[in-house]
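These protein sequence lines map, in sequence, to chains A and B.
Following the working numbering, the numbering of the first sequence begins with 5 at its first residue and continues without gaps.
Following the working numbering, the numbering of the second sequence begins with -18 at its first residue and continues without gaps.
Because the hints were derived from the structure by calculation, they are not lab data.
Nothing false has been slipped in among the hints.
Below, a sample of chain B positions facing chain A; criterion: calculated Cβ distance under 8 angstroms:
#	residue
1	Ala(-15)
2	Leu(-12)
3	Gly(-8)
4	Ser97
5	Glu98
Ideal Cβ placement from N, Cα and C applies to all residues, glycine included.
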Amino acid sequence: MLGIGWHHVLSAISWHKVLSAILAIDWRKVPFLFLWISSHVLLAILTVVFYRRRLYRGLPIFFTYMLCELAGFIWVFTLCFILTGGNQLGYAWSATQLLSIVLLFGVIDEVSRDLFRESKLLRAVARRSLQCVTGLLLAVSVLLAVYQPGSISVKWFAGVVDINRGAAIVQSGMVVFLLLFSRLMGLSWRRPALGIILGLGVLASVDVASFALRAEFTSLTWTEFLNWLTSGDYLVCVLIWIGYVLAPETEPVFPPKPKSPTAIPDEEVETWNRELQQLLRQ
Amino acid sequence: MIAAWTLVAVGLSALTVLVYVAIRRRTNPGDLENAVQEFRSLDIDAFRNLVDSDEETFLREHLPPRKFREIKRQRAWAAFIYSWEAGRAAMALAKVGQAAQRSPNPGIAASGRQLSESAFRLRLQTIPACLYLMNAVLLPGRHARSLPTFADQYERTSETLFRIRGFSSAGQELVHSKGA
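This is chain B alone, in the form it adopts within the complex:
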């Protein structure tokens, strides 16, 4: 009997998720300007410093354990926020990239494909990075390894974004072609 009612609850929960997704679906493919601004606001140097293992070793050696855990928790939390925001920015870029992929202009479509693929990769990296950093917030005493893949991916996405900076003007071109 309990199993039956549990399944009823599971079914209703799934239904709630579906209704939520259906209602919250946005047709707006994303705002390029906002996406670039969001991406720009992230300071890669600061993030790299926060997750640097050498820095952590230095702090561990020169601070009393209690103080170290406190500092480590704060650093991990700040890095978590960075990672979270990077994920959100990647999502926004992915939306812009996908919208550009549908362009009849092959150049814009190719740029959009490149941008969205790079953004997807970054988004995928931020998920384990967030989990890892949350773990560091909860258990600051544990030894941590650095997060090179996430930072590297961030850099690669930045490079992609800047390499295809003509994409913005191409987006404008698309607006005009749609309006015509």
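Okay, chain A solo, but in the shape it has when bound:
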């Protein structure tokens, strides 16, 4: 049955047309298309894994982000083949970008809540500090948008690049802050949360550089190079997410039974207590 079906299909194909279509492909775009498509295929696999392992219960915003990213990809990819000109493709891309920015801020918030879940004190301190860092980075982004608008002539696209650049600055700053703060406090991460934040950090920090360059260099060569760079970066980011999500969570490993007793002797405890009480009375 299958053999008959394929026979009909193959005979229906005009090989001349196929050859013409292959020759018409802009081969410079192939690496970009490969990176763009493969990263989203991997993201789709990750979404399925997330769903099957019910990880979306703990990280619902990240799951929503993945679904939206996939829907956006399908939409823009379809438009690439339907549309031949005009700004519609640019508008569609911009819309998906803006939605991603909003959701990624939600993901950072979600991951930070997961990180500080066990300590009320740290939650309060980190939230306050994170607000300060965000405010500062936002101010820097706004100042950059006002005083360094770049050399893009198309106004709406320049605006989108400015927003992306600003968001990337704020997001990468927040991610670096979270990682450094957790390291400073000796906080332990859950594996999926760490993977998500690392991937997001890589994505945002490369975006800081690429959108800054995109605003300055508008030639075709630079645009192609930057498209290639951002697609490759996204692939790396998805691979980090997959690596951390698929790897099993490590159980807390206690050291083997120590040779010397760890328990604090009562005598010593009493001595300490006496000393501390004396200090408190002073």
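Position chain B relative to chain A; hints supplied.
Same frame as chain A, now just chain B:
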């Protein structure tokens, strides 16, 4: 143009931090024995003496200004080292506490929660204390106020640690339960 390249440098710096954190991440939750040893090695009396404002006033009144600044700098540096080490010990205790929090035994988990919260508080206190003491090292001539909160927090953490001294044996119990 300069702004663009500055942002490229910022992006690359952020990337370096991320790679560093990813590589340096340790899965070991911490060694209870080492954490207790580190904590024990800190002499609270010596630290309190070093940051005592009455002591400082006494030295200021009885020493020539130049000698006083020299002594003050040395005292502040020693107190800084204490504070730094207390922070490190708190970090080690926090790791042990967090690992214990994941225990299926409710008693161990509660002890771990208490220990890590106390250690976090101490760690948070050591950060401004280190900055304050570094300022005293750089500007020894300035009048200083005492650091009661940090010392008090240290004491509270000590008390917590000793109160839950059964935690150690409970940790061992956890090892056996994991091995089983």
